[in-house]
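**Student:** Could you put together the complete structure from these sequences and hints?
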Amino acid sequence: MAQSTLELGQGQEILKLLGDNDPGSTVVLVGEPGIGKTWLAKKVCGQAISNGTFGIVLWAYLDKEYNELAIGKSFVRQMSLLSTTKGWEKEDNEEVEEKKEEILDDLMQKISDNVEGKLLLVLDNEGSKMNAEDFMKLLNSMKFSPKPSKVLIISCDADGKHENSDSFRTKKVIKIQPLSPEKLLSIFRQTARTEVLEPRVEQLADGFIKNKVGLTRAKIVLLAKALSNGGISAVRLLERALEESSGDGSCSYTELLHRGYDRVPDGVLLDWSWQGSHFFQDRESIHFGEFIACWIMEGYLGHIDSIEKAYEEGHRVLMELIDCQMLKKVDDENIKGDYLRMAGAVVDLDRRHCSGFGKTASLGLANVFEKGQWDGIGEIVQADGMLKSVSSGKKEKKCSTLLLDGNCLSLEVSTKILQSEEDLRVLALFNPRLITVPLLSSMESLNVLVLRGCNLLEDIRQIQNLKNLSVLEFQELGH
1 MAQSTLELGQ GQEILKLLGD NDPGSTVVLV GEPGIGKTWL AKKVCGQAIS
51 NGTFGIVLWA YLDKEYNELA IGKSFVRQMS LLSTTKGWEK EDNEEVEEKK
101 EEILDDLMQK ISDNVEGKLL LVLDNEGSKM NAEDFMKLLN SMKFSPKPSK
151 VLIISCDADG KHENSDSFRT KKVIKIQPLS PEKLLSIFRQ TARTEVLEPR
201 VEQLADGFIK NKVGLTRAKI VLLAKALSNG GISAVRLLER ALEESSGDGS
251 CSYTELLHRG YDRVPDGVLL DWSWQGSHFF QDRESIHFGE FIACWIMEGY
301 LGHIDSIEKA YEEGHRVLME LIDCQMLKKV DDENIKGDYL RMAGAVVDLD
351 RRHCSGFGKT ASLGLANVFE KGQWDGIGEI VQADGMLKSV SSGKKEKKCS
401 TLLLDGNCLS LEVSTKILQS EEDLRVLALF NPRLITVPLL SSMESLNVLV
451 LRGCNLLEDI RQIQNLKNLS VLEFQELGH
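Quick note: the sequence shown uses our numbering, first residue 1, plus one each step.
It is possible that some hints are incorrect.
Claimed, not checked - Okay, derived cross-link-like pairs now, DSSO-like style, lysine-lysine, Cα gap no bigger than 27 Å in a straight line:
1) K183 <-> K416
2) K329 <-> K416
3) K161 <-> K183
4) K309 <-> K172
5) K16 <-> K183
6) K172 <-> K64
7) K118 <-> K73
8) K16 <-> K175
9) K183 <-> K129
10) K129 <-> K64
11) K64 <-> K43
12) K43 <-> K172
By construction, these hints were calculated from the structure, which means they are not laboratory data.
**Tutor:** Below you can see the structure in the form of structure tokens.
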């Protein structure tokens, strides 16, 4: 394998340790946040699968607390075995609790039947909410087979606590070193648009990288985006930051990095600048379609004259957030469902994005419900003129969230769709051609109702019968 494959010499060292003949041993990667531990681990895992060292890699993210069922469900999702399970993934919580042992046995059997080759277990964000020792004790108490051949731990904690753990036979701790200036400049070249890479700008970036301590991959990506999006004014900020580099230089530097977020709506960025990550609340991850649907309802993506176009814009914003390392894909890259988790802001966003929800038609959904009362809107799929979520149990399939585009759907089609959906919790109608909303009064479970661009609606008195309604927006065209 060429040295350039993993891009860092430490990657080769990690790969060698994982490939030795000492079964059950553990490798621990420690280092500052944002230095690239998870990125490097994924590179190493990819190579370990490619060269046959391991047959499968399973990830657990210890910035959440797991129980036995959560571990089993996460591993089954990563192995793309959802379609072969017995329907547990959408059962009511009470039913799941009653059948916990049966479901767990089924999950463990599915995993055991489908693991081929050696298993590598990766524990990311170790110590955030759960430590590796507690996770392994939980795993060992389950009927989990095969046992991991190796464990790879990723942690910000470098105080040596892993040295005395009883959960692992042997352990090797590796401190991840910062990327070299040469590597950082290479990342800059790969990320910046071609027209930005003129000699003068590249020299400025090179000088800035060599003078600025603590730069990470994420910050270099933002720097490249800032220069790509900001033109001459961003270049001047870079010059000023370089001039200030002998001192703190934080003002121009922070302002420059903020420019990297310019292609992300301010409303979206509020979710990273509010303490406690209010959009996620206690949830580990969110389906990518839920992000987009919520942003559409909140008004973050601007005026909606086409759900299809709004969905495309939401997808672009998601890609920007992933590029800026503010969102990360959950679990293995082969997971069905495309869930994303928050990775945190690269720079402090409070200085710039602190205007609240006043500039848009925002509902502020994440602030309306108390923790534990709002589970989000679920997995969202796109269909002609609509976005919808479908939850499937053993007995029935029902839609819990529906966003309809009146500009795309005829009156007849819109009416037919609404007449078939009485179990909605979230309903949003954009520019509907309806005079009244069919069966609205019978939607007893409705929590959120958005009526936007509703000039033709004549009668909405049925709303007073919606006892569970917590959020209502009614807006005519031009308002």
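**Student:** If you test the structure against every hint from before, which numbers come out violated?
**Tutor:** Hint check: 1, 2, 3, 4 and 9 fail, others pass.
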